[in-house]
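Student: Here is what each chain is made of, one letter per residue.
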Amino acid sequence: MQALEWLRQKMAIRPVRPIWGLSPAGPAWALLGLYRVGADLARVHTSVILQAPTGPAVPDAFWLSQALTQTGRTQPARRHRVAMSVDVPDLVKGELACPADVPQDAWPAEIQLEVAQALDLPPSEVSFDFHPDTVGAAGLVRLLWAGCAKSKVSEYQGWSAGAGWQLACVEPAMDASQRAAHALVGGLSSLLQQAPQDWQFRLKPTVASVSEADASLYEAREAILLQEALASPMGPRLVAAGLALKAWT
Amino acid sequence: MPHFNLLRYPMLERQQKARQQWRMAALGALLGALLAGGGLVWQSFDTDQLAAQTHALKNQLLERQRWAQTRQ
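Residue numbers (the numbering used here), protein chains in the order written: chain U, -6 to 242; chain X, 186 to 257.
Among the hints, a few may not be true.
[As the list claims (entries may be wrong)] Computed beta-carbon distance windows for the label pairs: (1) Leu219/X <-> Leu34/U: 41 to 51 angstroms; (2) Ala90/U <-> Gly224/X: 50 to 60 angstroms; (3) Ala221/X <-> Ala32/U: 48 to 58 angstroms; (4) Pro82/U <-> Gln205/X: 49 to 59 angstroms; (5) Arg204/X <-> Gln97/U: 16 to 26 angstroms.
[Unchecked claim] For lysine-lysine, the following DSSO-like pairs were computed, each having C-alpha atoms within a straight-line distance of at most 27 angstroms: (6) Lys243/X <-> Lys143/U; (7) Lys239/U <-> Lys145/U; (8) Lys86/U <-> Lys202/X; (9) Lys239/U <-> Lys243/X; (10) Lys143/U <-> Lys86/U; (11) Lys239/U <-> Lys86/U; (12) Lys143/U <-> Lys239/U; (13) Lys239/U <-> Lys197/U; (14) Lys202/X <-> Lys145/U; (15) Lys86/U <-> Lys145/U.
[To be verified] Short, incomplete list of chain X residues facing chain U, as computed with Cβ under 10 angstroms: (16) Phe189; (17) Asn190; (18) Leu191; (19) Leu192; (20) Arg193; (21) Tyr194; (22) Met196; (23) Glu198; (24) Gln201; (25) Ala203.
Derived from the structure by calculation, the hints contain no laboratory data.
Every residue, glycine too, gets a C-beta built ideally from N, C-alpha and C.
One chain only, chain U, in its complex shape:
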């Protein structure tokens, strides 16, 4: 698979099927598909807001699968891959200082207990992921974690499987939006000036070269721009784009 991916990058072959991101947008869902153009660029293939049917409240499970099925029918792919986002209050994040002598095999169990405590659920009812950050001076490993109820993930799997789609990833919405913001050609300031259909994303975004003194100022400005973008109607689409981008970054 890696060899195929490498060959595709080298030859800049456009994949036949897009990669999808699906993010909640109030009662609706933002669905955005990206396809690759060249070795370092992804463009928007499809960008739609999937609206719940009007009338009496219908659970997402009933209409979302149908909407995905209909969207998928228009694209030539046997099985679409989709990444979905989860956000507060369903999402919990945190960090755990773990003694460096605790074996790595024991980390998942430690994190599982932390997540279960944060969600007030039994440990068997949570889904989570974690990454070691740094080894502190006191021989502590800082583990960054994120988690949500397993029922949420099962719900997402049910919706995507109901449409014949493959759920590849469930990610915190903020992480996805940051990825999209870093990769967006033209930067966040151009987000609202472009139609989502015209968005383009660098697959290997470069870090802005700013001096150390300006770095915090730059980051603060980017954070404000991101908050504004997320609060705008384009926010869920930006998250969806970040989710889809994960397939390539």
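Add chain X to chain U, keeping to what the hints say.
Tutor: What follows is chain X alone, placed relative to chain U:
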């Protein structure tokens, strides 16, 4: 920036472990089949050797019996 995938634990992890176990089981079965096949080939070769030796010894015995009869 860490990239979390909340599918990973425990679901993907469990699937990966199950896949790993299947792979190991398949590899074990393949190795077992190869060993069994090798054992059968060796046994067959050994049996053939023994049969050839038995045949040669029988021929020698017959030869000696014939020689003893002619001397009598």
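Student: Please go over all the hints and tell whether each is borne out by the structure.
Tutor: A quick look at each hint next to the structure:
1. Leu219/X <-> Leu34/U: 41 to 51 angstroms: Once the Cβ atoms are compared, 49 angstroms apart, the range 41 to 51 angstroms for Leu34/U and Leu219/X holds.
2. Ala90/U <-> Gly224/X: 50 to 60 angstroms: holds (55 angstroms)
3. Ala221/X <-> Ala32/U: 48 to 58 angstroms: holds (50 angstroms)
4. Pro82/U <-> Gln205/X: 49 to 59 angstroms: Once the Cβ atoms are compared, 35 angstroms apart, the range 49 to 59 angstroms for Gln205/X and Pro82/U is violated.
5. Arg204/X <-> Gln97/U: 16 to 26 angstroms: Taking Cβ atoms as reference, Arg204/X and Gln97/U lie about 20 angstroms apart, which means the hint holds.
6. Lys243/X <-> Lys143/U: Violated, at about 78 angstroms.
7. Lys239/U <-> Lys145/U: holds (20 angstroms)
8. Lys86/U <-> Lys202/X: holds (26 angstroms)
9. Lys239/U <-> Lys243/X: Roughly 78 angstroms between the alpha carbons, so the hint for Lys239/U and Lys243/X is violated.
10. Lys143/U <-> Lys86/U: Holds - the C-alpha atoms of Lys86/U and Lys143/U are around 15 angstroms apart, at most 27 angstroms.
11. Lys239/U <-> Lys86/U: holds (19 angstroms)
12. Lys143/U <-> Lys239/U: holds (22 angstroms)
13. Lys239/U <-> Lys197/U: OK: Lys239/U and Lys197/U at ~11 angstroms, within 27 angstroms.
14. Lys202/X <-> Lys145/U: holds (23 angstroms)
15. Lys86/U <-> Lys145/U: OK: Lys86/U and Lys145/U at ~16 angstroms, within 27 angstroms.
16. Phe189: holds (4 angstroms)
17. Asn190: holds (5 angstroms)
18. Leu191: Check passed: Cβ of Leu191/X comes within 4 angstroms of chain U, closer than 10 angstroms.
19. Leu192: Interface hint status for Leu192/X: holds (5 angstroms vs cutoff 10 angstroms).
20. Arg193: holds (5 angstroms)
21. Tyr194: holds (5 angstroms)
22. Met196: holds (7 angstroms)
23. Glu198: Result: holds, 7 angstroms to nearest chain U Cβ.
24. Gln201: Nearest chain U Cβ about 12 angstroms off; hint violated.
25. Ala203: violated (16 angstroms)
Checked against the numbered hints listed earlier, the structure breaks hints 4, 6, 9, 24, 25; every other hint is satisfied.
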